[in-house]
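**Q** Sequence:
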Amino acid sequence: MNEQISKYRINEYLYNLDVWQYRKAIQLLPKILGVSLNTFHNYRKILINDVQDIPYEKVVLMEQLFDFEPGTLATQNPGARSLKELLH
Numbered sequence: 822m823n824e825q826i827s828k829y830r831i832n833e834y835l836y837n838l839d840v841w842q843y844r845k846a847i848q849l850l851p852k853i854l855g856v857s858l859n860t861f862h863n864y865r866k867i868l869i870n871d872v873q874d875i876p877y878e879k880v881v882l883m884e885q886l887f888d889f890e891p892g893t894l895a896t897q898n899p900g901a902r903s904l905k906e907l908l909h
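Here the sequence shown stands for residues 822 to 909, numbered as in the working numbering.
These are computed hints drawn from the structure, not numbers from a lab. Cβ atoms here follow ideal geometry from the backbone N, Cα and C, with glycine treated the same way. Among these hints, one or two may not hold up.
[As the list claims (entries may be wrong)] In silico DSS-like links for lysine-lysine, alpha-carbon gap of 25 Å or less:
id : residue 1 : residue 2
1  : Lys879    : Lys828
2  : Lys852    : Lys828
3  : Lys828    : Lys845
4  : Lys879    : Lys905
5  : Lys866    : Lys828
6  : Lys852    : Lys866
7  : Lys866    : Lys879
8  : Lys905    : Lys866
9  : Lys845    : Lys866
[Said to hold, decoys possible] Estimated spans, in silico, between C-beta atoms of each pair:
id : residue 1 : residue 2 : range
10 : Ile853    : Gln873    : 38 to 48 Å
11 : Gln873    : Lys845    : 22 to 32 Å
12 : Asp839    : Val872    : 29 to 39 Å
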């Protein structure tokens, strides 16, 4: 069976909490993010190949809440050369 890879490391963070912390986080995070519980669960279910994304401001906020370095909530970050390199 192929394990599907999440686009964002939300579940990775949540599954490392103890049961009490996990339950409180599930209640608190949607309120902090300003989204419904259903929307938050949809964020957790986004797979690596899905075109769906989480709004940038929500990603930044979760990175801060989870003590992740900026740009590390995503499982895979696309790499690109700078525009100046492409123009030369």
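**Q** Would you mind confirming whether the straight-line C-alpha gap from Lys866 to Lys879 stays at or under 25 Å?
**A** Cα-Cα ~15 Å, so holds.
**Q** Does the Cβ pair Gln873, Lys845 satisfy 22 to 32 Å?
**A** holds, 27 Å
**Q** Within 25 Å, alpha carbon to alpha carbon, are Lys866 and Lys828?
**A** holds, 8 Å
**Q** Decide if the proposed pair is consistent with the structure: Lys905 and Lys866, CA atoms, cutoff 25 Å inclusive.
**A** Given pair Lys905, Lys866 is violated - Cα atoms ~36 Å apart, limit 25 Å.
**Q** Can the restraint linking Lys828 and Lys845 be considered satisfied, given a maximum Cα separation of 25 Å?
**A** holds, 23 Å
**Q** Between Asp839 and Val872, does the beta-carbon spacing fit 29 to 39 Å?
**A** holds, 35 Å
**Q** Next pair to validate is Lys852 with Lys866; report whether the Cα-Cα distance is within 25 Å.
**A** At roughly 18 Å apart (the allowed maximum being 25 Å), Lys866 and Lys852 satisfy the hint.
**Q** With a cut-off of 25 Å on the C-alpha distance, tell me whether Lys845 and Lys866 pass.
**A** Holds: Lys845 and Lys866 sit about 19 Å apart, inside 25 Å.
**Q** Mind checking the hinted window 38 to 48 Å against the Cβ distance between Ile853 and Gln873?
**A** Roughly 21 Å apart at Cβ, these two residues miss the hinted range, so it is violated.
**Q** Given the hinted pair Lys879 and Lys828, is their Cα-Cα distance within 25 Å?
**A** holds, 14 Å
**Q** CA of Lys852 to CA of Lys828, is that 25 Å or under?
**A** With a Cα-Cα distance of about 22 Å, the restraint between Lys852 and Lys828 holds, given a limit of 25 Å.
**Q** Would the hint linking Lys879 and Lys905 be met if the CA-CA limit is 25 Å?
**A** With a Cα-Cα distance of about 30 Å, the restraint between Lys879 and Lys905 is violated, given a limit of 25 Å.
Checked against the numbered hints listed earlier, the structure breaks hints 4, 8, 10; every other hint is satisfied.
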